[in-house]
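2 protein chains.
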Amino acid sequence: MVRWEPGAKERLQVAALDLFVEGGYEQTTVQDIAAAAGLTERTFFRHFADKREVLFAGGAEYRATFVDGVLNAPDGLGAFDYVRAALTAAAGFFAPERRPWSRKRQRVIDANPALLERESLKRAALGEAIAGALRDRGVQDPDARLAAETGVVVFHTAFTQWIAEGEERTLLEVEQEVLDRLTAIVPA
Amino acid sequence: MVRWEPGAKERLQVAALDLFVEGGYEQTTVQDIAAAAGLTERTFFRHFADKREVLFAGGAEYRATFVDGVLNAPDGLGAFDYVRAALTAAAGFFAPERRPWSRKRQRVIDANPALLERESLKRAALGEAIAGALRDRGVQDPDARLAAETGVVVFHTAFTQWIAEGEERTLLEVEQEVLDRLTAIVPA
Chain S
256 MVRWEPGAKE
266 RLQVAALDLF
276 VEGGYEQTTV
286 QDIAAAAGLT
296 ERTFFRHFAD
306 KREVLFAGGA
316 EYRATFVDGV
326 LNAPDGLGAF
336 DYVRAALTAA
346 AGFFAPERRP
356 WSRKRQRVID
366 ANPALLERES
376 LKRAALGEAI
386 AGALRDRGVQ
396 DPDARLAAET
406 GVVVFHTAFT
416 QWIAEGEERT
426 LLEVEQEVLD
436 RLTAIVPA
Chain L
256 MVRWEPGAKE
266 RLQVAALDLF
276 VEGGYEQTTV
286 QDIAAAAGLT
296 ERTFFRHFAD
306 KREVLFAGGA
316 EYRATFVDGV
326 LNAPDGLGAF
336 DYVRAALTAA
346 AGFFAPERRP
356 WSRKRQRVID
366 ANPALLERES
376 LKRAALGEAI
386 AGALRDRGVQ
396 DPDARLAAET
406 GVVVFHTAFT
416 QWIAEGEERT
426 LLEVEQEVLD
436 RLTAIVPA
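Chains as they are written, first to last, in our numbering: chain S, 256 to 443; chain L, 256 to 443.
Hints are computed from structural coordinates only; laboratory data are not their basis.
Among the hints, erroneous ones may be present.
Chain copies aren't distinguished; within one or between two, either way the pair holds.
[Unchecked claim] The calculated DSS-like cross-link candidates involving lysine-lysine, where the alpha carbons are at most 30 Å apart (straight line), are:
hint : residue 1 : residue 2
1    : 377       : 359
2    : 306       : 264
3    : 359       : 264
4    : 377       : 306
5    : 359       : 306
Using the sequences and the accompanying hints, generate a full structural model.
This is the structure we're talking about:
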């Protein structure tokens, strides 16, 4: 009989991230993670296919946040205003209480080339997802792809700043600053 | 004694790409590639660390083209004009005679998730390289990063169109069109 462990997934994620930061991602085993969370390996594998998935779980939900931002925006906007709606939605997803987790996660990823490859691919998938939503709203290519990819650049730039040590502004505030810089850089 | 094989590297690359397209990347062995090129495996490994490197060799030269474009541009330009200089240099690198190779290479990469991860990372490295060149020209962050990443988006969008079946314009012409779309999408 499988016993339900309330909050097991979150406990495993928190324990894993602490172990990755302290002892290194490669050196940490699933056994270590389960033990630190006070759970069994079997419970771990009910929630995650492997160790790497602790860092990449929720990717579909993450992309859906941006996509829903586009799909729930008013009709008749320009491509870039749909992207703004996606960025606003993303800022809701990355609420201030998520910042410490995001900071630690990035440290682990930056230290491991294989994780960086996976993270790059995740970013590419985000661009595809937003471009698809823009097409659903009637934006044609190449504008849909271009606006989506530019939005990902803005998001990534803002996110990197948001998790910088000492940064206290919300993600929405940082995104707004980056959008302002973009419009200043790109000639009319 | 090592016998010098003139053009061995290029012969291996052409043979490998044809085999990857016809028989699949996973199914093709280094032995197959060497045999198809009329060379030995030992010669293969003098030029490439492994099978994957046939597709990713020359990455440093590729990045250097964009970087040199920025570094050789006139003084005192805005961030975006330096990026334009990088894109113009890249269009020189991807001359029309390179297009059939680029088309085949992309087909192989698109069919293989592990190669796509590597390609995504290559794209991230390009953004880093251009951002570094912009900083050398006096552009501050976040503008340097933002302009560089936006330039990579423009390049990638243009490149994807350039290798589309039936596309006959030069990469420079397609880049110009994509730049025009970008300036139309991003509000002043």
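How the hints compare with the structure:
no. : hint      : in the structure
1   : 377 / 359 : both (18 Å within a copy, 24 Å between copies)
2   : 306 / 264 : within (13 Å within a copy, 39 Å between copies)
3   : 359 / 264 : within (17 Å within a copy, 43 Å between copies)
4   : 377 / 306 : both (17 Å within a copy, 25 Å between copies)
5   : 359 / 306 : within (16 Å within a copy, 35 Å between copies)
The structure agrees with every numbered hint stated previously.
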